[in-house]
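Quick mapping for you: the protein sequence lines, in order, are chains A, B, C and D. Taking the UniProt record's numbering, the leading residue of the first sequence gets 1, the next gets one more, and so forth. Taking the UniProt record's numbering, the leading residue of the second sequence gets 1, the next gets one more, and so forth. Taking the UniProt record's numbering, the leading residue of the third sequence gets 1, the next gets one more, and so forth. Taking the UniProt record's numbering, the leading residue of the fourth sequence gets 1, the next gets one more, and so forth.
To be clear, the hints were calculated from the coordinates, so they are not data collected in a lab. Hints are all accurate, no fakes.
Copies of the same chain are indistinguishable here, so a pair counts whether it falls within one copy or spans any two.
Within a straight-line C-alpha distance of at most 20 Å, the following computed EDC-like cross-link-like pairs (lysine to aspartate or glutamate) qualify:
#1 Lys205 to Asp157
#2 Lys109 to Asp139
#3 Lys299 to Asp244
#4 Lys253 to Asp100
#5 Lys253 to Asp243
#6 Lys99 to Asp257
#7 Lys158 to Asp203
#8 Lys299 to Asp259
#9 Lys197 to Asp100
#10 Lys128 to Asp22
#11 Lys2 to Glu38
#12 Lys299 to Asp232
#13 Lys197 to Asp259
#14 Lys253 to Glu199
From a predicted model like this one, the values you see are computed outputs, not experimental measurements.
Number of protein chains: 4
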Amino acid sequence: MKIGMIGLGKMGANMSRRLMNDGHEVVGFDLDEKAVQELESDGADGATALDVLVGQLDPPRVCWMMVPAGEAVDATINEVLPHLNAGDILVDGGNSNYKDTLRRADRAKEAGMHYVDVGTSGGVWGLKEGYSMMVGGPDEAINHLRPAFETLAPGPDKGWGHMGAVGSGHFVKMVHNGIEYGVMQAYAEGFDILQAKEEFDLDLKDVAETWRFGSVIRSWLLDLTARALDDDPDLPDIAPWVDDSGEGRWTVKEAIDLDVPAPVITDALISRLDSRAENSYTHKLLAAMRNQFGGHDVKASDE
Amino acid sequence: MKIGMIGLGKMGANMSRRLMNDGHEVVGFDLDEKAVQELESDGADGATALDVLVGQLDPPRVCWMMVPAGEAVDATINEVLPHLNAGDILVDGGNSNYKDTLRRADRAKEAGMHYVDVGTSGGVWGLKEGYSMMVGGPDEAINHLRPAFETLAPGPDKGWGHMGAVGSGHFVKMVHNGIEYGVMQAYAEGFDILQAKEEFDLDLKDVAETWRFGSVIRSWLLDLTARALDDDPDLPDIAPWVDDSGEGRWTVKEAIDLDVPAPVITDALISRLDSRAENSYTHKLLAAMRNQFGGHDVKASDE
Amino acid sequence: MKIGMIGLGKMGANMSRRLMNDGHEVVGFDLDEKAVQELESDGADGATALDVLVGQLDPPRVCWMMVPAGEAVDATINEVLPHLNAGDILVDGGNSNYKDTLRRADRAKEAGMHYVDVGTSGGVWGLKEGYSMMVGGPDEAINHLRPAFETLAPGPDKGWGHMGAVGSGHFVKMVHNGIEYGVMQAYAEGFDILQAKEEFDLDLKDVAETWRFGSVIRSWLLDLTARALDDDPDLPDIAPWVDDSGEGRWTVKEAIDLDVPAPVITDALISRLDSRAENSYTHKLLAAMRNQFGGHDVKASDE
Amino acid sequence: MKIGMIGLGKMGANMSRRLMNDGHEVVGFDLDEKAVQELESDGADGATALDVLVGQLDPPRVCWMMVPAGEAVDATINEVLPHLNAGDILVDGGNSNYKDTLRRADRAKEAGMHYVDVGTSGGVWGLKEGYSMMVGGPDEAINHLRPAFETLAPGPDKGWGHMGAVGSGHFVKMVHNGIEYGVMQAYAEGFDILQAKEEFDLDLKDVAETWRFGSVIRSWLLDLTARALDDDPDLPDIAPWVDDSGEGRWTVKEAIDLDVPAPVITDALISRLDSRAENSYTHKLLAAMRNQFGGHDVKASDE
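Kindly generate the complete structure, drawing on both the sequences and the hints.
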């Protein structure tokens with residue numbers, strides 16, 4: 001099928017390539033002209049503007065957005081929607097908050113178009129191994145998109161699923177990422193304990209390799225961990241600073257709103273906040289309190 | 001090679017079978033005669049007592065204990081040790097606390113025997129898929145045991161590793177299980193959030209299947225989760241009660257002793273304690289306090 | 001001064017009484033006529049409707065809302081605002097979310113009135129001991145209200161403070177309650193540990209009394225805890241079920257939005273969610289997973 | 001009464017002074033001669049060695065140890081015990097682990113002496129305000145010590161209590177400190193959230209003062225917090241580094257051993273570990289994993 005891919009960053013470009021490798025046609029657009037040119041050299045049609053991209057598609061047109069969650073999605077919709085017709089399909093394959101998706105879907109629906117949300121997992125490995133896709137939206141649109149899903153997924157009938165009504169795809173992806181935070185943190189804490197046990201002088205790379213086969217905790221994230229430990233398990237060049245991209249905090253807030261106790265996913269998020277907290281006021285005040293009641297020495301600030 | 005397997009429960013019996021399937025000889029002992037007879041019918045030599053088992057082995061004798069962690073290990077050693085000679089090898093393949101292992105290894109060493117600890121992961125699937133084994137102990141003994149490890153593991157050169165000196169195998173296995181607690185809890189919380197979101201009416205089995213291929217959180221535990229959700233994702237026959245077998249709490253205490261912050265592994269353990277806490281005094285007292293300062297109604301106890 | 005008190009529940013009625021005891025005049029309104037009559041019998045003027053209440057006040061009129069946070073506040077404002085004039089003062093003394101307060105203040109400001117938020121702590125003890133009040137809003141209005149604050153507080157110059165611009169009062173109160181969750185939980189966990197240590201057979205009431213004087217953890221909440229333990233430290237009539245009234249979850253979300261790690265306040269909230277979670281899906285799924293990999297028995301559900 | 005005070009640090013010296021101020025006699029010993037001389041100048045008899053100190057007491061002799069928990073206690077007992085007679089009383093007023101206390105009490109009992117454990121709270125303020133004391137041991141000994149407790153406590157009949165058999169005093173004190181960790185952390189997190197909310201530009205000292213009177217969270221620790229914020233609420237001279245003295249981790253481990261979920265006390269401990277973790281391996285590995293699957297940039301280490 002023919003797909004208009006909007007946003008040719010790491011995800012959008014690789015997905016385009018995987019689609020084209022399997023015989024689909026892609027018209028690509030990105031604000032960065034160089035990204036468009038690169039994809040053209042791989043066989044895509046490049047578009048210099050969003051209306052041009054729409055013009056190169058056939059009805060029902062499929063516009064697949066792979067742009068950063070937030071304002072960029074709304075801006076794209078603003079620009080694309082006037083050029084679409086009833087029955088066309090607008091796909092948001094990014095990490096949008098499902099509440100935004102519900103709002104945007106209402107807007108698209110009013111204009112007569114289909115709106116489909118595709119939570120997409122797989123990262124930079126997806127080009128080769130396929131993407132896991134959690135899809136929300138109306139049956140009709142999803143059936144039309146089926147050939148694309150079957151190509152993008154690790155196999156035609158695995159790694160993608162129609163979760164339910166629009167919004168459900170991003171909701172499930174949000175929770176996926178919440179779980180991801182917890183799982184990553186569990187491994188990281190475990191390896192931290194291992195490296196701290198100096199008397200056993202463990203080779204963390206060996207440990208990871210041993211666990212990769214046959215153990216209860218074997219997983220793809222463990223495979224990646226083994227890779228990360230490959231050069232130097234001390235990770236000398238990496239700062240202890242961990243970013244987060246939104247889904248983790250959304251998951252934590254959603255759990256609270258649903259009255260679901262989720263201590264592990266929550267503490268995994270808090271640990272990331274911790275990693276970025278400099279000169280923690282909490283810890284300064286704790287030290288000051290101890291000094292007040294116990295006369296305990298405080299450590300003088302270096303600043 | 002020929003191995004004396006002591007303890008023919010789920011783990012010991014299946015490991016014996018995997019060994020025999022690959023051409024090794026097993027002499028098996030268990031306090032439960034029926035377990036011995038069953039293994040005999042699969043081709044093992046059964047022993048009616050530990051001294052008999054030792055007598056059926058050739059030097060250097062390999063006695064491989066797969067008995068419950070704790071007193072059973074000490075009891076077994078007490079009985080076996082007098083019948084062993086210098087150079088014989090005593091293997092503890094169970095979930096012993098590594099501190100006990102250090103103590104027992106000292107004792108075996110004084111008597112001239114080798115002591116090897118093998119943290120063994122894989123559960124009931126190990127017979128078919130192989131076991132992941134984290135091995136600690138002296139090179140000489142581990143080289144002698146190599147053919148057994150190569151058979152028991154998922155592949156001759158994968159899924160087992162010599163971690164370091166004696167004790168390191170159980171130490172690494174302990175941390176493995178701590179990670180396991182965190183990973184399991186992360187998945188469980190995620191699925192709990194999904195099922196609580198009634199408006200999307202998600203099919204949890206579909207979600208699990210979708211994630212199994214291509215997603216960042218694909219793992220063996222997720223494969224098992226998909227299996228567990230297969231019959232009825234509501235899990236109507238299962239009580240919300242989660243046991244723990246010791247390694248989780250050891251990991252938490254070890255993290256504290258090493259000054260390593262491990263909030264996720266810790267909260268995963270606490271969640272299991274929570275699952276078993278009936279009529280929580282913490283929660284009763286919180287309700288009573290709220291009543292004291294705010295006149296908030298308390299819920300009357302049903303008891 | 002003369003104050004129109006809207007909402008005569010536990011808080012509003014007691015605050016009215018404390019005001020009248022110190023010579024202020026109160027016009028009271030409540031949807032429950034009986035509450036109005038009771039306050040009248042204590043010396044207040046009762047109003048049968050909000051416009052009547054406004055009519056009984058002198059400019060600048062002070063309408064002090066003590067109604068449940070949420071829609072009741074907006075409904076009250078909708079009804080009162082049309083009867084107020086420029087320069088009149090609308091006070092929200094309830095537990096409103098500060099974001100709602102900012103929105104409502106904008107609306108009042110556009111209509112020419114002052115909007116003042118008063119986070120009020122003290123519970124049912126405030127009548128006798130005074131209330132702690134965290135006040136946000138414009139200087140002019142707060143100066144006008146000063147006599148009321150001086151009466152309501154434990155002392156004219158203590159226990160109340162002008163925190164800053166409108167919204168800051170409710171913000172500080174929100175965080176106050178977040179801290180309260182953490183502090184209560186810390187005590188409750190401690191007493192839980194004490195009661196679980198059967199070999200010491202501790203008298204929890206004695207412990208609480210001992211800590212009340214001279215200890216680092218002496219506090220008013222500990223005083224209340226001692227009272228709660230007075231009858232029967234086993235709290236046999238109280239269910240382990242803890243409600244929450246919103247501020248705790250707002251605090252947790254605010255901490256996340258501000259990138260502040262707040263594990264203790266967060267876990268105190270999660271513990272309350274736990275207390276109300278019946279038949280936890282997290283725990284059912286954990287048990288199911290353990291059964292999958294280890295063949296561990298699950299506990300059959302009683303349902 | 002006459003008391004031999006062993007250990008004249010901040011706690012022991014101040015307790016001696018409070019005893020002497022109320023008419024008791026103190027014989028003081030410390031390894032630091034200067035500490036002995038200072039107490040002599042306040043009216044105590046100084047002893048140059050432990051046997052000398054014992055010689056200056058009358059039967060039943062009372063030796064009150066205020067030495068650092070751990071080996072110093074055992075060393076003191078080793079030296080003092082041979083000079084004591086049946087019926088003499090050995091008091092441990094420090095922060096010993098209750099398990100050590102049980103062991104030491106057995107030893108003292110075998111030698112015919114009484115052993116009394118006194119968990120002592122109050123810090124540097126105890127001299128003026130009195131100490132809270134949680135006492136464990138036999139009735140006979142505690143009755144003999146009563147005059148000292150009545151003096152040391154904030155009032156003759158408040159702030160001290162006989163918790164139960166020997167060990168119970170240190171057990172209750174351990175839990176007291178666990179609670180203290182949780183309570184302190186709750187306040188610290190709250191103030192951290194307040195300071196992070198830049199738009200309200202709150203004066204934290206004002207907030208603390210407002211809360212000190214009438215609020216639900218008024219407490220002595222809050223009084224101290226207000227003092228700590230007095231000079232400069234930014235705490236510019238204090239490093240975000242919080243020590244711990246053992247009781248917190250003992251409480252966490254005890255909660256685990258008793259199967260009591262104690263997430264808040266536990267997370268308060270973990271936060272202190274966090275404050276001291278430099279170049280966290282957990283956070284480095286998390287960053288490395290994110291880079292592996294998502295191609296996310298890592299922050300280069302400064303080292």
